[in-house]
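*Asks:* Each chain is listed here by its residues.
Number of protein chains: 2
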Amino acid sequence: MRIAVLAGGIGGARFLLGVRAWAAAHDAEVTAIVNVGDDVTMHGLRICPDLDSIMYTLGGGNDTERGWGRAGESWRVKEELAAYGAGPDWFGLGDKDIATHLVRTRMLTAGVPLSAVTARLNERWQPGVTMLPATDQRVETHAICSGQAVHFQEWWIRHRAEIPTESFVFTGAAEARPAPGVLDALASADVILVAPSNPVVSIAPILAVPGIREALRGRRVVGISPIIGGSPVRGMADKCLAVLGVPVTAEAVGGLYADFLTAWLIDSGDTASIEGVKVVNAPLWMTDEAATVAMVEAAVRC
Amino acid sequence: MRIAVLAGGIGGARFLLGVRAWAAAHDAEVTAIVNVGDDVTMHGLRICPDLDSIMYTLGGGNDTERGWGRAGESWRVKEELAAYGAGPDWFGLGDKDIATHLVRTRMLTAGVPLSAVTARLNERWQPGVTMLPATDQRVETHAICSGQAVHFQEWWIRHRAEIPTESFVFTGAAEARPAPGVLDALASADVILVAPSNPVVSIAPILAVPGIREALRGRRVVGISPIIGGSPVRGMADKCLAVLGVPVTAEAVGGLYADFLTAWLIDSGDTASIEGVKVVNAPLWMTDEAATVAMVEAAVRC
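Chains E and F, in that order, are what the protein sequence lines are. Count along the first sequence from 1, add 1248, and you get the number used in the numbering used here. Count along the second sequence from 1, add 1248, and you get the number used in the numbering used here.
Just chain E, with the same shape it has in the complex (with noise of 0.2 Å):
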């Protein structure tokens, strides 16, 4: 049995951690197709947050109490940027998580794509999934703001999604390909799952690489619902929607979706209605990895 899934963030890590674990139970490959709309230069250092987060929780490297970033850090060298005066200085940038970018960077530098350098940087880490970003090209998240494209990075953990916004865009999406074995991936798989990410900033980045969305229809893609009871299950994907005029519903983010998915799964306490789209009720708290694997059940169930 073959799994793909749409993921992006910490929410997207910690999906995964259930998929993984299912996926060990019942002989199924699982290829994970990661958002890059988050990823950011800084310090001229390509950082790619959302393959790093599902890199270092799938590898056992993550902070858990923190939640980003990797257990252990220490953070010499941004101290020492800030002695420079060498902004930014609002992004945590680690030690540790330092080498990965370097890492990267080099690679990218020497014109390696991004789909091999996160092979590359999952040989350390043996992740146990496919680790896919949906494309090799640069597709960044910009918030449109008075006007003005802020980054998503910058929008996010420096102005903390709190200044007026219009929209948000996908820079360089439109000239973006699918990266190396995302579309047989997602030909290939049995149930596609569609994490509960962030659907604004995580997959809908994903979705907007041409090729992606067409690939999704008429196929078995079971969404799981990053809203419960009106509020998102973690991180800010409240503000996101609020700036797309979408409620914070359960409903209204599977609404997003309609066009392809096959059921949405949302929490035992939420109703919604899709036209089109079966709606199945199950506990969405992935309050530990045994809560994920029963959530990750229901969805491959659905």
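Errors might be hidden in some of the hints.
Lysine to any residue pairs mimicking SDA-like chemistry, simulated, CA-CA at most 25 Å apart [unchecked claim]:
#	chain 1	residue 1	chain 2	residue 2
1	E	K1344	F	D1507
2	E	K1344	F	M1355
3	F	K1344	E	W1338
4	F	K1487	F	D1507
5	E	K1344	F	T1357
None of these hints come from the bench; they were simulated from the model.
Go by the hints and put chain F onto chain E.
*Replies:* Just chain F now, kept in the frame of chain E:
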């Protein structure tokens, strides 16, 4: 009074501490013209060991026990790079040091010349002297070993200068120009000092930049011997001189500079005779700053 100093490496840094102290007591301005032949790109980071050794030493941030790099250094990034199997692993790349390289690399990539980058980094370190790279172009020293070009850092650190070597070349020197300010500093100096740095791989790459050697001729130039009693003051100058077939003596090294030297300062116990050059004896061990200041005093009074 204006003093220009040709310098490289840790010997050059130590010497400049004495020059700075002497200058402070005599209301003199110091410009250091620094070797870039050791510069290298590692893990995508542009590293300038001689500029950094001098900057950290004069800025009080150097590790005096280890002799190179930053005081209180840590090695997290290096350990992580090793965990990725991402070589080279023989270069001492400290966490604090990496911040310097990140600032430099980002600026160079943005098109800022090395001389301007050096000035920017020195805004933090306030070395008390004007530091200029010999050139803004890339001039990298390579050892020619069995017909293969080996970067000087690899030859020096990885191979510990212990592989058969035919010669040294300064790759890029032919196309280089003196950095802005270098020729002015030489033209306006009341005295030009040649630091007791390695003549083959610290001073020679400076002299290899077209226009610099010519600018020394006919000026008041005092060199300080890096050889005392047949041995280098520090480092492996003897191994470098052996490649050139030059004896490890104060006289022979002075002979390398004979075309532009006014005077050659050698240790009290040494003798030398170089046609057209005044040879002066003085204690040359830089045991502490006071000893170095006395040495500078002797050089300036030559």
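*Asks:* The structure should be examined with respect to each hint, and the outcome stated for every one.
*Replies:* Quick rundown of the hints versus the structure:
1. Proximity of E/K1344 to F/D1507 is assessed by CA-CA distance (about 51 Å); at most 25 Å being required, the pair is judged violated.
2. Restraint check for E/K1344 and F/M1355: the C-alpha separation of about 23 Å stays at or below 25 Å, so the hint holds.
3. Among the hinted pairs, F/K1344 with E/W1338 is consistent with the structure: their alpha-carbon atoms are about 19 Å apart, no more than 25 Å.
4. Proposed proximity of F/K1487 and F/D1507 is supported: the alpha carbons are some 24 Å apart, at most 25 Å.
5. With a C-alpha separation of about 24 Å, the suggested pairing of E/K1344 with F/T1357 holds against the 25 Å cut-off.
Hint violations for this structure: number 1 only, all remaining hints satisfied.
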